[in-house]
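S.K.: Those sequence lines, one after another, are chains A and B. Residues -11 to 184 (our numbering) are what the first sequence spells out, left to right. Residues 55 to 624 (our numbering) are what the second sequence spells out, left to right.
Everything labelled a hint here was simulated from the structure, so no lab data went into it. Heads up, some of the hints might be wrong.
Residues of chain B clear of chain A, computed beta-carbon distances all greater than 12 Å [claimed, not checked]: (1) 96; (2) 112; (3) 153; (4) 582.
Computed Cβ-Cβ distance ranges for the label pairs, DEER-style [said to hold, decoys possible]: (5) B:232 / A:168: 29 to 37 Å; (6) B:233 / A:44: 29 to 37 Å; (7) B:338 / A:55: 34 to 42 Å; (8) B:153 / A:14: 25 to 33 Å; (9) B:153 / A:117: 45 to 53 Å.
Ideal Cβ positions, reconstructed from N, Cα and C, are used throughout, including at glycine.
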Amino acid sequence: MSAEVDPQGLGLEHGDHVCGFYYSTEERDAMLLPYLRESLQNGHKCVAVVDSLSPDELADRVDGARGAMASGQLELFNSEQTYLQTGIFDPGLTIAFWEHRAQQLVDDKEYDFIRLLGELSWIDRTGTPREDIVRYESWADNFVSRYPMTILCLYDLRRMGSSVMMDLLRTHPRLLMGGLLLENPHHIASDDFTAV
Amino acid sequence: MTASAAPPDTAPAAVPETELALREQLSNLRGLLALSMMMTERRQLDEILHLATTAIPALVRAQALGVHLPVGDGARWHAIRAGLELPAVRADVLSQLQHLPRAGGSLSISGEPWAWAFGLPSPVEQIGTLIVTADEAPSEADMLLLRSLAQQTGIALANARLHASHKAANEQLSETVGELRHKTAIHDRFTKVALHGGGYQGVVDALFELTGLPSSIEDRSGQVIASAGPDGTDVGRAVFTARRESLVQEAALAGRPMRAGDRLLTIVRPHPDVVGVLMLVDPNNLAGHQEEVALEHGATVLAIELARLHGLAETELRLGRNLVSDLVHGRTDDAAGRARALGHDLQRPHRVVVMSVDPRQQTADDALLQTREALSGSLTARGSNPTPLLMQTGNTIVALVTSKTAESGLLPALLNDAGRKARIGVGGICQSAEGFPRSYREAQVALRLAQTTRHASAMLRYDDLGVYQLLSEVADPRALETFVRRWIGPLLDYDASRDSDLVTTLAAFLETGGNYDATAHALTIGRSTVRYRVRRIQELSALDLSDPDTRFQLQLATRAWSTINALTQD
């Protein structure tokens, strides 16, 4: 683990895919803002998709964000530009988006490390089945292991309840709740999970 | 930056079903632990119930139908879903709950193949019940998960309530501490005023500093004694719509600050005769509890100050009274020094003034107070602030005043306020302490003549007594008595034996130049009565009242009789 990746001491390591859950805006910001700030401070490439606030609002709250956006170090998107390109969650399109973007970054060789952030607070308003989310997050587990990156996925429990959190905890080795990293050594593979 | 190679597309080895089930159960328990942590961090009841009820479908093949919380927040349903929306159904469920053990049990709900009530326990009470439904009865392992979820939910709810209770207690405590701090600051500030002898100005300055509102002290009549405001603003005299005196009475009865017009005021009355009104000028009604507390503390210090000043004044008056008594009775030891201590110079010409009050018009105490205020005002107006030298004996006030004061309009003014039957006698001038007994005696003679001679004015100066003065200074009073007996002896005897007023009538008749009407008016009797009495006087004395010499001798005799009376009365 590099200290540069995780100066907040959350237990993040290279190749980590962490799901973060929040129940208030303050809890969201406690995960979202340090993640982006550290990315900029450490010279990492950062691609973030936000949903509960606009990319502009987020840029206003992170020092140096505008400059980083201008230089290409930081890319901010909203859900409609990524997860919900067709109005509903299309895992295939979303996966293609991330795979394409990651490959581009690798090919450009401009940055040594990538931080991805996705906020999936749109689940309740799109009626996305929990199984689709679990499968998508399982793909992300594999995806993150193939690139020099970390991924932080944020979920708003106020909107979607705790079901998805329970599903993801059972299928993932690590979850971030507020500032606390929870590990599950007994997690099961998503395919096995959806088969249960 | 390079991407790692994608993993080979080979099928993973199958996980044994028993291991999968075990791992799933362990993962569920892990999930419950995470959920429990999340719920414990929440402070709102609805947030906890939202987390708990939405987790159920992810744990087991079941769903929450609703939560009933009969304690604390009142009997309320939460997180109700279809199936429990009808009041009749909820009433039926409640009826069933009453017969279930605290831990819960099976329920019968129309349209639900399986329904169960899970008690939401806490370390101290049963917080409520979670109603769960499913298409079929869950397995024993799933029931364990649901019971665990219910337990964790109950603990989280109890924790939230405890936190809310602690928060409320802390807020209350914080408020109390803040209030105490403020009171302490007020107390400290006014203690400083009291200790440093800040007086009236210290009180209003502190009040203004603590409240930010202009403040003032007025006496009972509305005279501003001290005031404080921004940049020395003149607070001015309070104008009330109600009568000031009744307002003072009302405020005194209230026993706490009260609002009157644009003022918040409190009455300070350390002594029945001493009243101070302490007030804040608050036209915008900004004053609250803390300002009232400051006003009450200010009133306490003001009461101490007023009591101190009153005590001081009382002491000075007592010292003055003792000095007057000693001087008029000829005890002059150290009199000059004692007088000097009270602000008087006995080397200056003085006179003794004696005033008798009309008890039906004014009590002697009131007369004393009035005389004190009048003399104090006179002394203060002259630029000095000595204690008036006064003494009260029965219904008589004795004052030592400078000649200048005695000759000013002060005494007639006093007489005017004291009532129709009040009289004043002014003694002769005395240039030193030794002269006071004489001046006192002269003042008494003048007073008695003023009281007894019908034609005299209400105030007599000994120096203006004329023949009375001569008569009173006769060396041998017995010669006077012989003269009186010689001329009006039979009349005196007649009056003594018949309790009549022939001598008085004769005196008035002669003083009015033999005018029947004037005599009747002076004595407040009928003219025919005067005529009868004069006839009787002539018969008894066998004297001719029309003879000028006889009239002179008789008038001198009646005046001598008045003088003897004045000299011999105590």
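S.K.: Run every hint past the structure and note whether it holds.
M.R.: Hint check:
Look at residue 96 of chain B: its CB is around 6 Å from the nearest CB on chain A, not clear of 12 Å, so calling it non-interface is violated. Its beta-carbon lying about 4 Å from the closest one in chain A, residue 112 of chain B breaks the requirement of being farther than 12 Å from that chain. No Cβ of chain A approaches the Cβ of residue 153 of chain B within 12 Å, the least distance being about 31 Å, so the stated non-interface status holds. With a least beta-carbon separation of about 111 Å from chain A, residue 582 of chain B lies farther than 12 Å from that chain, consistent with its non-interface assignment.
A hinted range of 29 to 37 Å holds for the C-beta pair residue 232 of chain B and residue 168 of chain A, which are about 35 Å apart. For the hinted restraint 29 to 37 Å between residue 233 of chain B and residue 44 of chain A, the CB-CB distance of approximately 46 Å leaves it violated. Roughly 51 Å separates the CB atoms of residue 338 of chain B and residue 55 of chain A, a value that falls outside the hinted 34 to 42 Å. For the hinted restraint 25 to 33 Å between residue 153 of chain B and residue 14 of chain A, the CB-CB distance of approximately 44 Å leaves it violated.
Between residue 153 of chain B and residue 117 of chain A, the C-beta spacing of about 40 Å breaks the proposed range 45 to 53 Å.
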